[in-house]
Every structure is written in structure tokens, then in C-alpha cells.
Amino acid sequence: MRNALLHTLLPALAALAVWQGCRKDAAATGPATPLTLEVPAGFPSPQPVFRDNPLTREGFELGRRLFYDGRLAKDGTTSCASCHQPFAAFATFDHAFSHGVDNSFTTRNAPGLFNMAWYPELHWDGGVNHLEVQPLSPITAANEMGETVAAVLRKLNADSRYRQLASAAFGDDAIDSQRLLKALAQFTGSLVSGNAKYDRVRRGTDRYTPAEEAGYTVFRAKCATCHREPLFTDHTYRHTGLAPYPGIDDAGRMRITRLASDSLRFRVPSLRNVMLTAPYGHDGRFHTVGAVIDHYRTGVRPGPTLDPLLRYGLSISSNERADLIQFLGTLTDTAFVRDPRFAEPK
Amino acid sequence: MKPDRMRWTPWISVGCWLLATLASCSKETSAEAPGHRLDIRFRPMADGIPLHYGDTCANPQGETYRPGMFRIYLGDFSLSDEAGIQTHFTGGYHLLDAGDSASLTVRLHGGARPFRRIAFQVGVDSARNVSGAQTGALDPVHGMFWTWNTGYINIRLEGTSAVSDGPGGRFEYHIGGFRSGEATRRTVALDLPAGQSHRLEVDGRSEAWVDIDLDRFFRSAHDLPIAAAARVTAPGPLAVRYADNAARMFILSAIVRR
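Those protein sequences? They're chains S and U, same order as listed. Everything in the first sequence is counted per this note's numbering, starting at 28 for the first residue and increasing by one. Everything in the second sequence is counted per this note's numbering, starting at 7 for the first residue and increasing by one.
There could be a bad hint or two in this list.
Under 10 angstroms between C-beta atoms, here's a sample of chain U residues computed to sit facing chain S [said to hold, decoys possible]: (1) Ser-137; (2) Gly-138; (3) Gly-142; (4) Asp-145; (5) Gly-157; (6) Glu-188; (7) Ala-240.
These are calculated hints, taken from the structure and not from any lab test. All residues carry an ideal CB built from backbone N, CA and C; glycine is no exception.
Using the sequences and the hints, build the whole thing.
As C-alpha cells, this is what we get:
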């Protein structure tokens, strides 16, 4: 019996050893390790962003390195992360407008990057209809990274490290625009924020303070129609009574749809991590959350496309304002912004 | 080199009839399939002569201009026989560039049935406009993609003209748009002269010569002088009118055997 076991087991082990050896040889071009997008409890189903772009550890890691690489820009130093800083929930800390190459200014406030796998459209005006093609806009915009896609690809293909990463992710070492974009989408689409105190309270593992609880009640009564839970946006575009800045005259959603009814409408931003993403508004005109609330209380300017919900502003008392700010603090996801998987690679 | 205009055997063998009867109404053929080769050779024309970047030419409105770039997406090629039975080709998209002669030939490996119509689409289908990063002819590196308002530019014509109000007399027609109401994709069907058809030989090669007449871009379905609009760089009603004109640019001038 024991002999029989040995006679079957040993060749099997030997075969396994040979097979493992082969696997090692093939490691450079072997199949990538599948990853699964984490969907926090209570979140709806994500968009099919990875349908034609299977999420893998190697694809994600390539995308992560690209996200932090200044060579995507003409000046060699302005990376995605220059304007989407991890500690600011991937927004630009303390800047109404981010800085592009050649001392240029963007014309809109850089939004935080998280939960984009749930977004049907991207940008303040919804002009981008798929996560994969979004980076083409900042890479080529003269006031952002100012580079051509062809030049980016030349730089990446000349770097043996990138060729190795591409080989591990996609099976061979050529980097074309599709691989560049799919790898970036694997990283950005994996930025999931669903572990704030708000989420823990929903899961029953934490409790609000009385002020946070009162603030949540105010939030649900006054804010939740547009900033719909659990993503804290309803993915619509609304005119919230902000007069356009002279010189920028940003028409918002109308630039995309060419409909007069979309004039001055902008995306409803998520309020997750809102305490980390100051300043606020599509043009970053508000420096504090309190200033945004005060705008809704007394600053809404009328206009033909003003959202009907804001026709009379929002009635929020000073006590409610204070409580609301306490509640908004529970949307900060510290684990997300400190997640080493999303940090700049060594 | 004189083309042998529309020369083919007028009769159809019993075997071909049998084949046609057995085949379904619509048939998919891979571009890789051997034999029965048809090269469609496109020739961009302006002002009656072949287009060359930098040449001075005049449009039908009498406006002189110098073309600097002309690119157009074609796809979804098919050949139809006398019974209307189509053979579709799955070769994906072709980006024609007047400045790149190699791009001006589209090679199809067709079936044995005589065809009397060549059809194709001008522009990229809506699904490819909303499905993320594409490759090959649809790679955004070709400069036929709007980054700020996702979508393909189906036709791109640029140049200079004294009648343009643009800086340096520049004009730019970036014709695209896929949403309902502003779609710019158009079907083009080129018929052989009435009563005629062409059969691809098993080991032969035929060429279809198709002119792309830029004059018709400026005036055919609509009258669109440069002076009236020197810039179209977004989808919308104006882009739709240029697309209507662009669908009328194609003229089948000859089919020859090689």
C-alpha cells in the first residue's frame, strides 16, 4: 500500500516540480493574476468598466505606476497624481485650479477620484463616456499635461521596466494607447472608497455622535435628493446658482449637449471624503464646507436653468449647519487615502 | 494604364446559382480568406484633379483653398449580387488619409458571386464610440478622437483659404457625432451601371476605382461655402449637413481586372 502510494505520489510530485519550473520560465509572459473589484456592502452594481478589460494585479500595478509618472506630461514631471493627490482623496489640495505644464491653470477644480467604477460619465460636464478614454483629455490638454499620446508611448516603450510590466499584464511587452488606457483604468477604477464612519454606522459597527446623528437628519431632508446615498451623487447635472466666472464663462453641461437647457449645469459631486477635497464647486470658489452651505442658504443666484429645488435656496438654521458639518465629517475614509495599494509605487 | 471598363463574363454558372440558393441571405467573410480579391482604390479629388496637400484648388463656390489634411473613416464593407444578397466583410475600420497612399486601398477577399453593388459606412458606429479604448485604425493616436467630448471624428478636412475668418486663413472641419439627432455616420452604396455585374476570379484580382470628390463636400446635398463656416469642431446640426454632403463624395469610376 505504502509502495503504491509512493509509486503514484513521487512521479506526481516530480511532474508538479517540472510544471512549476516551466511556470517560472513562462512567468514573464504567463497569465496575469485576476483581481476582483471590491464592492462595499450597500453599494449598487458598478458600471461594466472592466467588461473588456479584465482586472489583474499586473494590469493594476502598471496603471498605478503610470498614474504617478510625470513622463505622461510634456515637462516630464506633471503626473496624474500632481493634481490628484492621495491625501486629498485624489483631488488637488488647497487649489481652486490645478497647475498644468508651462505655468498654466486649469479652468475647473480637480475632483477627488474614487468610486469611478460607478460613474456612467466623467468630468464636471459629463463629456467623457468611458473610464478608459478619460486620460486622453488631461494628457493632451495644453493646460494640463500638454503631451501627445504618441510621445507618451515612445517614452514608455523606451523604458525596459515598463515593457516588463506590460508583458506581465498583457502577455507581450508592446505598449500601445489601448494598453496605456486600460492599465490606467484598472488603477483608477479600483479606487473604491466605502469604509468611512458613515459606512461603519450603516454596517452596525460604529455609532454617530448626537451631533452627527442630527446632521444626518438634516442631510437626508435637505441634501440627499441630489447627493444620493450611498455614492452621495445622483449622477445628474444641475445649475446650483453660481454665476459664471468672467473670462472662463464655463457653460458646463451645455458644452457637451449643446442644449440651452443645460447651460451652467455641472455634475453633482460626491460628498464622500468632502473634508479632504477643499476647495469646492466646479471652479473651486468655496474654501470651506461651511461656505458651500451658506451659498445654498443665501447665495443662490436665479437664472433660467437654476435647479427648481434651489429656487428659494435651502433653509438651514445655524444649528443645523453645525450638525451637518459634523455629519459630513463622517464621510472621510481614512483607510482609503492611506491605502498602500493606491500609494506611489517604490 | 487604361482601365478595362466593366469587363466580366455576363453569364452565371449553374453552380453559382446553386451556391447562392444554398447560402443564407447575408454572409460573413473574413478579410483573411484567400482568393477572389477585390482592391478598392480610393482617389481623393479636388477641383477635378487628384488631391495633393498644399496645392491650390477651387471649390464649386469659387473659393480657392489649400488642403492640408483629409482623413476619413470607412468600414462595414459589403458586396451585393443581383438578388440583393450581401456578403459582409469583417475587416474592421479603415482610416483613409489623402497624404498616405498606402491607406487609400481597401482589400476585400470576396466570394464567387457576381456583385453589382459595393456598399460601406462612412464613420464609426455608435458602439465603438462608447466602449472605451480602441486599437488599430480606431487608435486615438491617429488624431481622429475628441478627448473632451468622447467620440470619433469621422471626417477631418483642414487647410487654408483666403475666405476663412480663422487665424492665418485656417479652416477645420472635424465632422463627427453619434448621438441620436446628430449622428454623422452615413451609408454609401455604389452601383455598377444598370444591368452590369462583376465576378471576382478565384486566383485573380480586381480593382474598383472610387473617386472621393471633395467638391461635393462643399456643395451637394447642402451648399456649405468656407466663407459661411470655416470651423466645425463639435457634433451638431452643421456637422450633420457636412456628413450629408460627405456621403455623396464617392463615385465608382471603373472596375478593372489585374
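Tested hints:
1. For Ser-137 (chain U), the shortest C-beta to C-beta distance to chain S is roughly 7 angstroms, which falls under 10 angstroms, so the interface hint holds.
2. Evaluation of the Gly-138 (chain U) hint against chain S yields a held restraint, the C-beta minimum of about 3 angstroms falling below 10 angstroms.
3. Taken as an interface hint, Gly-142 (chain U) checks out: its beta carbon lies about 9 angstroms from the nearest beta carbon of chain S, inside 10 angstroms.
4. Taking 10 angstroms as the C-beta contact cut-off toward chain S, the hint placing Asp-145 (chain U) at the interface holds, the least distance being around 5 angstroms.
5. Checking Gly-157 (chain U) against chain S by beta carbon gives a least distance of about 8 angstroms; that is within 10 angstroms, so the hint holds.
6. Taking 10 angstroms as the C-beta cut-off, the interface hint given for Glu-188 (chain U) holds, the closest approach to chain S being about 8 angstroms.
7. The beta carbon of Ala-240 (chain U) is positioned within 10 angstroms of a beta carbon in chain S (closest approach about 7 angstroms), and the interface hint is therefore held.
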